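Listed in order, the protein sequences are those of chains R and Z. Residue numbering for the first sequence follows this note's numbering, starting at 1 and increasing by one per position. Residue numbering for the second sequence follows this note's numbering, starting at 1 and increasing by one per position.
Note that these hints are calculated values from the structure, not bench results. One thing to keep in mind: the hints can contain errors.
Copies of the same chain look alike in the list, so a pair counts if it fits in one copy or across any two.
The calculated DMTMM-like cross-link candidates involving lysine to aspartate or glutamate, where the alpha carbons are at most 25 Å apart (straight line), are [claimed, not checked]: (1) LYS558 - GLU120; (2) LYS44 - GLU120; (3) LYS496 - ASP240; (4) LYS613 - GLU277; (5) LYS16 - ASP607; (6) LYS600 - ASP311; (7) LYS397 - GLU632; (8) LYS25 - GLU92; (9) LYS609 - GLU517; (10) LYS273 - GLU94; (11) LYS100 - GLU394.
Quick caveat, the model's predicted, so the values are computed rather than measured.
There are 2 protein chains.
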Amino acid sequence: MSSKAASASHPSPLKKFSFAGGFWKRAEDVNRTETIPAVLDFWKETGRIEAIKLAWKPGMPNRPHIFWDSDVVKWIEGAAYSLGRTPDKKLEAEVESICKLYAESQSPDGYINSYYNTIEPEKRFTNLRDNHELYCAGHLFEAAAALYEATGSRTLLDPALKFAALLSKTFGRKPGQRHGCCGHEEIELATVKLYRITGEKWLLDLAAYFVDERGREPNCLEAVEGSHTKAWPLAYYQADKPAREQSEANGHAVRACYFYAGMADIAAETGDKELLEACKRVWDSIVLRRMYITGGIGSTSHGEAFTFDYDLPNEDAYAETCASIALMLFAQRMLLISPESKYADVMERALLNTVMAGVSFDGRAFFYANHLANKPERYSNINVLPGRNPFPPERLKGFGCSCCPPNVARLFASLGLYFQSASGSAVYSHIYGDWDCEFALVGGSVSLSQRSAYPYDGHVATVVKPAKPFSFDLMLRVPGWASKWSVKLNGRRLAKPETVNGYLKISRLWKAGDKVELDLDMQPVAVEGHPSVRFNTGRVAIMRGPLVFCIEEGDNGKDLNDIRIDLSKPLKARFDKALFDGVPVVEGSAFRSKPEDWNKALYKAADAKPKLKRVKFKAIPYNRWANRGAGEMQIWTLRA
Amino acid sequence: MSSKAASASHPSPLKKFSFAGGFWKRAEDVNRTETIPAVLDFWKETGRIEAIKLAWKPGMPNRPHIFWDSDVVKWIEGAAYSLGRTPDKKLEAEVESICKLYAESQSPDGYINSYYNTIEPEKRFTNLRDNHELYCAGHLFEAAAALYEATGSRTLLDPALKFAALLSKTFGRKPGQRHGCCGHEEIELATVKLYRITGEKWLLDLAAYFVDERGREPNCLEAVEGSHTKAWPLAYYQADKPAREQSEANGHAVRACYFYAGMADIAAETGDKELLEACKRVWDSIVLRRMYITGGIGSTSHGEAFTFDYDLPNEDAYAETCASIALMLFAQRMLLISPESKYADVMERALLNTVMAGVSFDGRAFFYANHLANKPERYSNINVLPGRNPFPPERLKGFGCSCCPPNVARLFASLGLYFQSASGSAVYSHIYGDWDCEFALVGGSVSLSQRSAYPYDGHVATVVKPAKPFSFDLMLRVPGWASKWSVKLNGRRLAKPETVNGYLKISRLWKAGDKVELDLDMQPVAVEGHPSVRFNTGRVAIMRGPLVFCIEEGDNGKDLNDIRIDLSKPLKARFDKALFDGVPVVEGSAFRSKPEDWNKALYKAADAKPKLKRVKFKAIPYNRWANRGAGEMQIWTLRA
């Protein structure tokens, strides 16, 4: 990233980063050994790979779908990241063969799309609003860039660049060019990636065109022929006003955050302050008023969309896995432009809670929607009415619209990009864990070797290993959730550590072996929501460090909503080695109704003081919920 | 009603009943002067009357719909009740002219249906499951019976009987007969009404056939050709098992309760104990586990259906107005078979809360769904997504599917039928108010003259006026909500009044002018819901007498969910003469968050003890909500 902002930083390439063990290594390993193969299997089963051969004919099964390409190339992107770090001949051959199919499917003028090239080749670019054509192109660009960076392969990159050239010729403001942008953003940030790989300015211009054109008059989305789906209000597509005038996060949450990430990319590349200000406004709109405690966004299933301020229902939460990944993309770009811990806080919140909850512990099943409370009877009784719930609260191996599983795969295959970055004279540690990374700074090269059981433990030891001693700033994030923390340098506690924008800054002449130990207090905390979040009033959620906890029926019995946490008693964390691969659990004291007081009545006069019995409760990390069978679950629990 | 049950009672005919003034008289008057004309206007505007002429041709506006007939004849039924009590030449002429249209539209063999006879005459009786044909027939029978009883007119009765004869010939178990019943019950209870008017046994047999056949193998609903709509599970149609085996209230709530009312009618007429036991089981299923505090039923909009036990969401409540009317019909039949106050309690709860809330104070606008909480932003922001909410929380003059307005009209035009009944030697007062009614008992005739500001006041004075002194039992309901009450006879308090099944029983030789004064305590009460109702835990609803109260934004500010009622302080009722036509309001003390504690944050660590400020709140009767502009509303409020 060649940001114009003076403070901007850039992550070290994935090849320079590795996990040494623990929580994160397991996440990466499960992704590589389970998730990536499982997703490819699902593509093969459902005809998504076959579709690229353009051989489908009416009457055959598995009719190609308008956004199948995006599924497949997101998987390629994930597989590519993985190959760059863990060579795997068989996987590489598989990736190359699929990329060759795409190359072979390319029209002479550069166009690639297995749906249009098979089903209705004459209709290409006629329904940009609904048919995800440039969205598919964008994901193909990202995959091409990732594969090229990982293995040097141009098998997908050359077709991608030729396709990009077609788009550049087709779309724009010059005479004879089409006026248009895509109903589902993605092409913007993806084209910037091609630009960063090639350095070719026309790619940046193309990306900037798509960002700038959106929401201007005449609206680029109104040029639609043969619309297949219903039209939403323009705000649903973030096209109600130009990018620079956007201030409220509206519409489809994934589209919105992909767009905001693209806006931030253009702002970073061009130094466009107006665009960056718009990014900051929509950031606040999301983070201060429209984000679940889990980092989930897009609260309604109806259109997978943002609704209005503070409208964050728990049981009906949509909070699509892809939307939290999109929020991470946006957060990462804001963080790199301006290293403020508030951006990393959200990135981490979304990653550790919604995105990790989006995949099963075994890595082979996925949530599309990430509810914050679950009542199984909604999904499993004779009154289940057809079509009531498109995404029930059990993880599945794939979906008709199966965007989330490959998004999870590419995210976990590229985790290192979110953990660290460096600017000319500063190196940043954003998320903690067992990892090693090399950085090239102005004054020399340095590697950091970090050891921590984070996110389960708050002790973070970072050993600095410069090739030769030189001066730079070591910037360690002080998470927003850490109310207490301390730091030692080479065994000596720093009495008055300096913090800048939520980062602990240690500036010195660093020598190999210098060790910084950060201790973040991880006492469990009860968190409350803004009083305007009508679903959470009178309730608390339990957090410990960056992890949101939940209570499950298996541990706490039915009717979780009847539990009232007693905050006058301590919340106690302990590490449960027997649960999953070992997780922290939080236990505490609470009250519950006495069933014997009810005698089958549905309503009765309330006692002046509720008659309740004292019970214990046990909470587990939300990202591990629904891995022990179906049952009730909830994050926000009444307080006594 | 010629019930075989020894204890059964029957209401005095509407012509013997009148309201003397007050709350109920206003309800009846507004219904007559506003609602009945408004509903007819809507029928005319939308082509529902024109449709009966069978003159619609393709290309013309207002294509007849499969259940339009039911709308019109429900209105006729309501208008007929009104004519029986308040003659009105113009209205009578209007009713007669519409009835003539139906008579003229009748096929030579007796068939009546403006949709089928216009659009696809060859398809009659081919899709009993989806197309509401017998449902429309049933409402026509009810209208015909009501008009005949009210004015003696046979204009609709004769065609109805001819139509019934066609059904009797067509459907049944004899050789050559069709096996079938209707996807939307109504024909069962309606055919019993024709039986009661004519005394002709074949009508009772026809009704019993429809009740008995439902849910047997082969299923009468499976005989469907040309289905237009999606198939639900059989339980949705109460057809998963025979009537006598039903035990859980499932599926479409209106269909269910119309069916249960029909089952109860057959049980009453035949003395079928097995059928009555099934009625009692589904009654318990509704009343103990699936009914809102407002008497609303059918909690989900998806299929307008029951869901599962204790699943009673407030903001998403469906609680269709028609469903609560259907529950009243069922409750009334159970009450007449077995005079227990628990049936009258539910009848009154549904009437005074959901049904009355279903119509505006001015009588000209209607709710279809009756939410128990409202957040206006769900319906009025740029994120309103197409199709999200079929029935927003504002009353409208009519709907595409406009079943509720005429149902309200016929209910309020026949209110007296729910207030009183008599058996051989007992006279019952079920609902109190300013009314007079004549009864024929075994020992002689008697009129009751009751004076009370009920439901706003608990003092009920009943003067007994027998034609000549004779002995009978005066049975006055002691409502389930009345925790304290007392009674005086001719000014002297009865020390040990006898109660039977929730009715105060006074047996004596009654003389004209004997006066009974019942005093029901109407202190406001905070009510709580069963702990398994997950939406209500930690919350209370305020009731005063039979009325459920709610808080509105106009009186209490935004963010009603942030209010915590302090039950250690008294709830105080006062009569607000300036509000509507004068209503009781309930005021009390509560706590609220301090916005200044939040400083824009969406989440923050909870204080061990919540920092709240003390506020006052004001609640109004729920049945008057949304009559003073849009705003938040809620019934279930957090307790401190």
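Outcome of the hint check:
1. LYS558 - GLU120: neither (53 Å within a copy, 52 Å between copies)
2. LYS44 - GLU120: within (23 Å within a copy, 48 Å between copies)
3. LYS496 - ASP240: neither (49 Å within a copy, 74 Å between copies)
4. LYS613 - GLU277: neither (53 Å within a copy, 37 Å between copies)
5. LYS16 - ASP607: Cα proximity of LYS16 and ASP607: none, with 64 Å in one copy and 44 Å across.
6. LYS600 - ASP311: between (34 Å within a copy, 15 Å between copies)
7. LYS397 - GLU632: Close inside one copy (21 Å), not across copies (41 Å); limit 25 Å.
8. LYS25 - GLU92: Answer is within: at 21 Å inside a copy they meet the 25 Å cutoff, but 83 Å across does not.
9. LYS609 - GLU517: neither (49 Å within a copy, 34 Å between copies)
10. LYS273 - GLU94: Neither: 43 Å inside a copy, 71 Å across copies.
11. LYS100 - GLU394: Classified as neither: same-chain Cα gap 36 Å, cross-chain 58 Å, threshold 25 Å.
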